[in-house]
Each structure stands twice: as structure tokens, then as C-alpha cells.
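> Chain B: place on chain A using the hints.
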Amino acid sequence: MAPLSSPSLPDRALLLWMYERMGLIREFEERLKTLVERGVPVGPVHFYTGQEAVAVGVCAALRPGDWIASTHRGHGHCIAKGVDVRPMMAELYGKATGTNRGKGGSMHITDVRVGMLGVNPIVGMGVPHAVGAALSARVRGTDEVAVAFFGEGATSMGVVHEAMNMAAVWSLPVVFVCENNGYAQATPVEYAVAANRISDRAAAYRMPGVTVDGQDVLAVLEAAREAVRRGRAGDGPSLVECMTYRYHGHHQGDETLRYRTADEERTARERDCLRRFREVLSAQGFAVAEIDGIDARNRERLDEAIAFAESSPLPGPEELLADVYVETRS
Amino acid sequence: MSVEVAARELTFSQAINEALRLAMRRDPTVIVMGEDVAGAAGRAHLGLSDAWGGPLRATRGLIGEFGPQRVIDTPISEMGFVGAAVGAAMTGLRPVVEIMFADLIGCCYDQIINQAAKMHYMMGGQVDLPLVIRTAYGMHGFKRSYGGGAAAQHSQTLYAVLAHVPGLKVVVPSTAYNAKGLTLAAIRDNGPVVVMEHKFLGSAAKGPVPEGDYVVPIGKAEIVRRGTDVTLCGIGRMTHVCLEAAELLAARGTSAEVVDVLTLAPLDEATILASVARTHRLVVVDEDTPTASMARDIAARVADKGFDWLDGPIKTVTAPEAPVPFAAVLEALYAPQAANVVAAVDELFG
Chain A
1 MAPLSSPSLP DRALLLWMYE RMGLIREFEE RLKTLVERGV PVGPVHFYTG
51 QEAVAVGVCA ALRPGDWIAS THRGHGHCIA KGVDVRPMMA ELYGKATGTN
101 RGKGGSMHIT DVRVGMLGVN PIVGMGVPHA VGAALSARVR GTDEVAVAFF
151 GEGATSMGVV HEAMNMAAVW SLPVVFVCEN NGYAQATPVE YAVAANRISD
201 RAAAYRMPGV TVDGQDVLAV LEAAREAVRR GRAGDGPSLV ECMTYRYHGH
251 HQGDETLRYR TADEERTARE RDCLRRFREV LSAQGFAVAE IDGIDARNRE
301 RLDEAIAFAE SSPLPGPEEL LADVYVETRS
Chain B
1 MSVEVAAREL TFSQAINEAL RLAMRRDPTV IVMGEDVAGA AGRAHLGLSD
51 AWGGPLRATR GLIGEFGPQR VIDTPISEMG FVGAAVGAAM TGLRPVVEIM
101 FADLIGCCYD QIINQAAKMH YMMGGQVDLP LVIRTAYGMH GFKRSYGGGA
151 AAQHSQTLYA VLAHVPGLKV VVPSTAYNAK GLTLAAIRDN GPVVVMEHKF
201 LGSAAKGPVP EGDYVVPIGK AEIVRRGTDV TLCGIGRMTH VCLEAAELLA
251 ARGTSAEVVD VLTLAPLDEA TILASVARTH RLVVVDEDTP TASMARDIAA
301 RVADKGFDWL DGPIKTVTAP EAPVPFAAVL EALYAPQAAN VVAAVDELFG
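Protein chains in written order, with my numbering: chain A, 1 to 330; chain B, 1 to 350.
If you're looking for bench data, these hints aren't it; they were derived computationally from the structure. Since this is a predicted model, take the numbers as computed values, not measurements. One or more of the hints may lead you astray.
So the derived label-pair ranges between C-beta atoms look like this [to be verified]:
#, chain 1, residue 1, chain 2, residue 2, range
1, A, Leu257, B, Asn114, 28 to 34 angstroms
2, A, Ala322, B, Leu333, 45 to 51 angstroms
3, A, Val324, B, Ile223, 25 to 31 angstroms
4, A, Gln185, B, Ala343, 51 to 57 angstroms
5, A, Gly65, B, Arg278, 54 to 60 angstroms
From the three backbone atoms N, C-alpha and C, an ideal C-beta is built for every residue, glycine too.
Excised from the complex, chain A in its bound form:
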């Protein structure tokens, strides 16, 4: 297996934070999958399993005040940016204690307090929101940076190109992060995208574009740090393409072997981002017990999150009509 890149390893605390977040995402998604299989009515969900290094590598380069806009496959982005898994799980259960008070579900999880501007299931539509957040940062005189996550499928949406053009024209602090997992639903990237690499698109918008191994959290971090540095310095947007793979179907119930081979899936899993990162940590001298302890703590967190979700109250009928319009205080 290829060693993970490690030009300058981040400090110990950040390494452990990244491992903990990647593991927490994996645990969240796999536990959620068992809940779905048990018939818990969590609505449509798009598992992030396999792509953890992208969300965590990018968010490890951000500050708490920075912003991210997400996709339909957004649980990983939420957890990486610091959304609490208990209200996340409660949201999936449609409970009043959910991040969105049970009114959004998986496809709309949002927590603006941690800079998470929303899971967004209309493909590509979250991307200009990041441009707007970056514009807002400039007008408000802050040095916040905004990240737009999107899949390779979204690069076929005009709005993504409009957003890239505007960010470049206005030289805004936006990091466009393309998670290229190879498939838009059941449509392979090589069929739908007339480019060898998504990062080639960057040249059309006068910004740097790189393609990195999205299964290597340190490679993602390094690219994200450079893009964030550029943005914060006022040098404009960047495009980072992360080559990754989703282990499960497009959504629950999707049978992946109807459009990709078992061989391909096996090969992809051999490059599992969590296992590879665990090996890096071992090689760096982290004790197995410490790493196992993080895994154990993540399992407990999910136990707690599920218990919290199950024991939380359902929204009352008054919620049906609450917040249709925004209350305006004079």
C-alpha cells in the first residue's frame, strides 16, 4: 500500500482530532446503516462512508469562524465541522431536539453556530452559498474563508460554474472542494464529465486547481491548507479535487453492483482512509491503546446519540406552521 504523504506532519493534537473525527463519521454512518436496515424511518439518507478523509482533511484546515456549504451526502461535513452527533441523530429521527427541530431531516442538517450552512440535496445549489458567505466575510471586514463541497456530478450544473466565475472575478476567499467519488447516482464520471480531471476546470476560472488522493487525509489537509491560506491572504479562490470512493450506494437501498464491479469495490476498500491513517499514527508512535480508546469513545458517542434521539420528544403539531415566515423585530 502506498504510504500516506507526510511532508510536515501536523501536531499531535490535530492528528488525534482528525482520527477521532474520521472515526466518528464512520461510526455514525455505519450505525445509521444498521438503523435503516432495522427499519427505523430516518427518511432518505446518503452515506458518507469511505469519503471521511475529504471532510476531515478540509475542515482540519479551517477555523471555527469559517463556513462550509455541503451536499446531499453531508453527514461527514457536519461532523467534521463540529456539529454535535446527538442533535444530528435526533434530526434523522424527526425529533424536536434535532439540529433542525425535526423539520429538515438528513438532507437539510444545518448548524450555523459552527459555520455549517446546510446539507443541500439540490445538486450544486449550496456552492453559491459559500461564495455568498465569502462575500459577506469581505463586506463585514473579517478574514473568514468559505468552503463549497460538491461532488463530481455537480460540476455538470451551471450554477457551479457561475459560482466559480463569480468567486474568481471578485477574488473571494472560497475553496471549491470537489469530492470525486466516481459516480453521480449510477452514472460514471467518465461518461458524464468531458474533462480528464475536474481540477482542469480551474484554469477556466483563473484559479489554481489540484487533484489529490482523497483517501489520504494528510494529502487533503495539505492541499486544503494551501487553498485556505490563499483565500485568507486575499489571493482568491482555489479548486481542490479529492479522488475518493463511496462504499455504499447513492442512497440506502441502492444496489451498487448494478453499475460497478465487485472487483472495483474491493480495490477501493483496500485504500481505506481510516485504516491508512491509523497506520500513520502507529508509525508516528501513537500507542495502540490510545487509538483504540478513540474508537471506543466514538462507539459510546453513537450509543449516546441514538439513545438521545430515541428518548427525545416528537415535535408538537404547532411546529407544522412555526417558522414559515421569519419573525421580524422592529
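Structure of chain B alone, referenced to chain A:
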């Protein structure tokens, strides 16, 4: 003093300009974005700036006072810049976005109906979305000046497809006075508000406008002429058509009350119903095409809640079920005119 101030007259577009200027002075988070809201972007070094000041000149001069950081010319990217305005509204700004013509909402409909309109609700109330979308609608009707002869894709009255979506407020000013007050109210609102500005009124509706800050409340209709025999309900320019019809009717001894709807969503049912309770007859006048229109929505609501007051069927006078034609002779037949309204009233009393 106040009498002197009230006597000052502005056009509809000048009134909106003043509203924007006041809001921007008062609140540094208010920004204006759109295609050629200034014009000649980036050409200040050549002494060129503010080439357009907006397609209807409503934003002229703002860049001089507030600079390009807050008066932002956009590329032709409606979906992109409305989306950027949504993101900016989520993160501390109060953007006022101009979509040149209402016909162009097709280019940004997702950001309006799926993003802006629903965010506050589907995110559990955690985000406010103080976004204003200004857009010009309608056709001129008679003269071949600005807004006339623009045909099927630059003349529409597409407010029903916005008012239909829960979470969006939609206002349609009819005078310079309420254009300023509704625009200020829209900017102050913490949710998304669409301000539909009739192209013809933009330059033609001149009237007294107080200086300084005031709001015309969103969600309130206004009775603009008192009458006893029939209620004429108008939207935007059609309010003027209703007033014209009311004059013609008065000359024939019929007393018409005219309600200016002003806000389409949320609709002020109470004012309309109260008027119908007094007059017992209703004609709704709408420049939009009839199917699934505001005219029929208002008619349906009054039929539902005010049936016992009615002495006759509710009439609607609308554009025909057709796109807006180009040829002047055909265009002249398109939008409702006072004579059409009088004919509808005649049917009620026939």
C-alpha cells in the same frame, strides 16, 4: 413643515432609489447586487462609472455613495448571484438583489423557491434570511416606450409562481409612496421578500413621497377609494386601472370601492373580505394570465369565506390565456383596461 415635505414628488424609481439609499446609510450590512446595478464595473480608472444604475435606473448613484464593495455588479449569472445573496444573507448581510426582469426568475428559481423560501423553516428557525429580490414585471400596454413591445419573454407578470411558495413574501407596490415604504419594509424584514416593480410605473407613477424613513407594512392591503356598490381589487398597475374604472362607473352612478392588494403573500384577506362585506360584489383585476393566478386565488378565498355577503358571482379580469404578443395592436389587447373592468361590473348589475 410636514405639509411642505409631503408635497415633494418623486417617480416610483426615484422613490425606490431613495429607499435603498436610506437603508444603506442606516445599516452597513445592506448591499445591492445585480446586473448593471451600477454599470461600467471596474472602469473607474477611465473616469467611467454608474453607466446604467440599474435597468430601470433605480440604483443610479448608489455606487458613488457606497462604493463597489456594497453596490456589486454581477456577471450574467442569476442562479449564481441569487445563490450568493442567499449565502450572504445567512452569514450577516442584508442583500438587495435585482433580477432585471421577472421573466428571468426561471434562471434562478431554485435559489428562490428551494433555498431562500424554505431555509428558515427547514433549518428549524436557526437562520434568518434577510434577502430582498427586486424585479421588474409587466408590459407597457399602449406606448412603445420602455417596457412596451418586449413580447413574450420580457413582459410577464410572474408573481403567482412566487406567491405560491410558502416562506416567500411578495409585494407589489403601485405608487411612488408605497414603493418606497414597501422597499424599506422589505429590507427590514428578516426573511426573503420579493418586490415586484411594474415597468410602466417605474417612470410613470409620480407622486408625493415624504423624505426620511417610513415603512408601508407588508401584509396589508389598502382601500384607496371608498365606494358602496362593488369592490374592485387591483394589483400593481391594475390598481390604477381599477381607479380609472371607478371614475367611469361613478359617472354612471355606480359607486366602486378600490382595494390595492399591495402584498400577495401573505395576503391580507381581512381587508378584502371587509370591503366585500360592505359592497357585496367583487371584481379582481390582474395583469397575469388566469390559470392558477392571484385573481382566482383571491376569488376562491372570498367565495370560501365571504360567500354569504355576495350578491353576485365574483368576476376576474385578467390577461388572456396566452403569452404576451409583440405587435402593438395585439399587445394593446393584452392587459386589462378600465373598459374591461366596467364591462365586468356591468355583468354584475346586468
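> Hints broken by the structure, by number, lowest first?
No numbers; nothing is violated.
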